[in-house]
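With chain A held as given, fit chain B onto it using these hints.
From first to last, the protein sequence lines are chains A and B. For the record, in the first sequence the residue sitting at position 286 is 286 according to our numbering, with numbers rising by one throughout. To convert a position in the second sequence, counted from 1, into our numbering, add 1000.
Hints in this document: simulated from the structure, not taken from any laboratory. Since the model is a prediction, treat every value here as computed from it, not as a measurement. Virtual Cβ for every residue (Gly too), placed ideally from N, Cα, C. Just to be clear, a hint being listed does not mean it is correct.
Stated by the list, open to error - Straight-line C-alpha distance at most 25 Å; calculated PhoX-like pairs for lysine-lysine:
no. : chain 1 : residue 1 : chain 2 : residue 2
1   : B       : Lys-1306  : A       : Lys-296
2   : A       : Lys-296   : B       : Lys-1096
3   : B       : Lys-1298  : B       : Lys-1070
4   : A       : Lys-296   : B       : Lys-1032
5   : A       : Lys-296   : B       : Lys-1302
6   : B       : Lys-1302  : B       : Lys-1068
7   : B       : Lys-1172  : B       : Lys-1223
As the list claims (entries may be wrong) - Counterexamples of contact, computed for chain B against chain A with all Cβ distances above 10 Å:
no. : residue
8   : Ile-1039
9   : Gly-1069
10  : Val-1087
11  : Met-1094
12  : Ile-1139
13  : Lys-1223
14  : Ala-1290
15  : Asn-1300
16  : Glu-1326
17  : Pro-1337
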Amino acid sequence: MRIGDFKETYAADEAIFRTPAVRAWMGALGAAMLVFPFVAGDYLLYLANLVGVMIIAALGLNILTGFTGQISLGHAAFVGVGSYAAAIGATRLGLPFYLCIPLGGAAACVAGTVIGVPSLRVKGLYLAIATLSAQVILEWVFSNWDSVTGGIRGINVPPATLYGVPLDTDFRVYFLIYAVAAAFTYSARNLFRTRVGRAFIAIRDRDIAAELMGINLFRYKILSFMVSSFYAGVAGAVWVYFAKVVTPEYFPLSLSIQFLAIVIVGGLGSIQGTILGAIFMTLVPELLKAGTEAVKPFFPDAMSYLFPLRDILFGALIVGFLILEPHGLAEMWQRVKRYFALWPFRS
Amino acid sequence: MGMWKRIVAATGIAAVFALAAGGALAADDVIKIGAAQPITGRFAFAGVSINAGLQDYINYANETGLVKGKKLVYIYEDTGYDTDKAVATFKKIMAKDNPVIMYGDSTGLGKAIGPELNSRYKVLYGSTSFSSELADPKIHPYSFVSGPTYSDQFGILLEYIAKNHKGKGKPKVAFFYSDTEFGKDPIPYARKRAKELGIDVVSEIVTKVGAVDVTTEALALKKTQPDFCIFQGYVLAPIPQVIRTVRDYGMKTTFMGTFWSMDTSIIDKLGADAEGYMGVSPYAYYNEDAPGIQAMRKYNVKANPKEKSRPNSYIQGWFTGMVYVEAINKVLAAKKPVTGDNLKDAIGKIRDWDTGGVTGKVTFVNNKAAVGRVYRANVAKGIFEPVSDWIYVK
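Next comes chain A alone, as it looks inside the complex (with noise of 0.2 Å):
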């Protein structure tokens, strides 16, 4: 049983995983991370692949949103300006993958500043209609430029190299998205513990009151509008090593709608909640076709509308936890580790 957590040293104070509990869990986490790949098959590794690459997409979509307060709706054409970015160098320009992915990030982070200028002005409800103006004009840009994104047809990647060997299937490209997820992870949770980091925050609890304390509105906002859109720029590029091809038609406006779900299920301002939501809002669906497919012998006939009603319960799942838990899936996760902290001790 937990008692006290004294610290004795600033770097004891500074560090993220604070106690050997915290480390023991991580390191169990990390290897079981590690394992997986191996004892999964196709369709769990393709899953968590996706999982993986939600994640560092929806990382950068709360820092902007959920740290800084500044709602996005294009968040998914920022990712597909990576992907895009990504597939030109990886074909035209026939750069490695570790050029490309920061090329992809850097190419969606030109883009974020342009979008990013309005939002000095504008906040609220006029921020998410300027950054949906994004949204539309890029998509048009994917399914038109033809001589640059090959128009509606796209462009089909090849697989990335690492020393030769060519990650070509689900499980090789888990530990290229995992890699990359974590290292984003980790300095989305270090971001928050800067200068910048807490500036961001200070904008979102009170704009005025942080232009007050000394902080150039302007200048951090446009940051963050360029750290969120990198990381959805990276999300693209990694995306487009794990499907291979990309058309306009991966970056709607839903996917945007759906990072928005994946922070606001998984919890406004948290990195761990980021990452419920993103394997809640992938997996969750996954599930209850599981349940529909094992109910489908039963009712061979009734399945055109056994299916739907899986969307009708999902969407039902996401308003049970909006009402009954605002902030989000890192919080019930808070509770439910208090709960085991003093177990069973205490009911």
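Below, chain B alone, put in the same frame as chain A:
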């Protein structure tokens, strides 16, 4: 024993029987066909019927013993018409059941799964898609298109126009298509083919899917006065609005559609404006009297007595089943094992195959069967009637 206990016990017994029944069929006697079907999502209007058509044909083939000594097993799951979910579904079915044939819900799935289809899965892959991109044996050797691609469908219509145009001078044609993969797919080929056939493409109009206000587009048609206007990339909207507006201008343009805007249901939806509406269909309709269609109707009377009519997407699914069975029988006749590689090669060898009038004589070249027929709406009867013979294009 409580109600729940009884249900659990019954399920358990049923499961044991199901397992026993499954085990009784030796693996050699079973050929598995998997399908990632768009039963929900925005393609569900066709997905449900495609699934029914494919499933019904497989049942029909089992009942009538079309594949000797083998039982076909159909495994399908819903994808929601979402590429990520479709890929997940594909991999799930492959991991769980390892079929030798797969069916996919979209062009997107075909493209996304393409590289792994070639390098790992190596199964025969049919799909809902008529995209010319999937009919490229160099990039997608395991895929085939169950009929003519959109380009071929345009080719058939243009050939028909070139032959049957009665007015003076070159026929004037407009292409009216949506700003999507589905809309733009055949356009480059159609431009080229029109030039070869001496047809003037007087205007090309691009809109969003489901655009409601089409005044500008209709005015563009008025300005160029085309004899024919071919829609591509729509299922319904904005086709009725365009036809209505253009008729209000007093124009006599003949409107034409390709597969997805050629289901019989469009005649009801167009009402009186359906008069003279034409288009290309890769397959015969459910009301026709070809022996292959009669067999389909007979099966439905027995198996699905509630279904009085079936849309063209049902026939697409049914025909895809026919292609699968034909390929399997070709492989078996050659005394080879039923594998994706052998099935793929067998498809390439299908020549002048008689489908009993479900479509024309089928020859697969470049992984597609480029045959179709031009139909015209008969508003009084509410059906499409053929106005040409089967047209073969290259």
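Find the nearest Cβ of chain A to the Cβ of Glu-1326(B) and say whether that gap is larger than 10 Å. holds, 27 Å
With the threshold set at 25 Å, check whether the alpha-carbon distance from Lys-1298(B) to Lys-1070(B) stays at or below it. Judged against 25 Å, a Cα distance of about 23 Å means the pair holds.
Verdict on Pro-1337(B) as a residue remote from chain A, using beta-carbon distances over 10 Å: Nearest chain A Cβ is 23 Å from Pro-1337(B), so the label holds.
Non-interface claim for Ala-1290(B), where every Cβ of chain A lies beyond 10 Å: holds, 28 Å
Evaluate the condition: distance from the CB of Val-1087(B) to the nearest CB of chain A exceeds 10 Å. violated, 7 Å
Satisfaction of hint between Lys-1223(B) and Lys-1172(B), Cα-Cα up to 25 Å: Holds: Lys-1172(B) and Lys-1223(B) sit about 12 Å apart, inside 25 Å.
Would you assess whether Lys-1223(B), listed as outside the interface, keeps its beta-carbon beyond 10 Å of every beta-carbon in chain A? holds, 24 Å
Hey, Lys-296(A) versus Lys-1032(B), does the alpha-carbon distance stay inside 25 Å? The given pair, whose Cα atoms are some 18 Å apart, holds under the 25 Å limit.
Outside-interface status for Ile-1039(B) - nearest CB in chain A farther than 10 Å: violated, 5 Å
Is Asn-1300(B) truly not at the interface, in the sense that its beta carbon sits beyond 10 Å from all beta carbons of chain A? At about 14 Å from chain A, Asn-1300(B) clears the 10 Å cut-off, so the statement holds.
Holds or violated: Lys-296(A) to Lys-1302(B), with C-alpha atoms at most 25 Å apart: holds, 22 Å
Pair hint outcome, Lys-296(A) versus Lys-1096(B) [Cα-Cα no greater than 25 Å]: At roughly 16 Å apart (the allowed maximum being 25 Å), Lys-1096(B) and Lys-296(A) satisfy the hint.
Figure legend: structure checked against the earlier numbered hints; hints not met, in rising order: 8, 10, 11 and 12.
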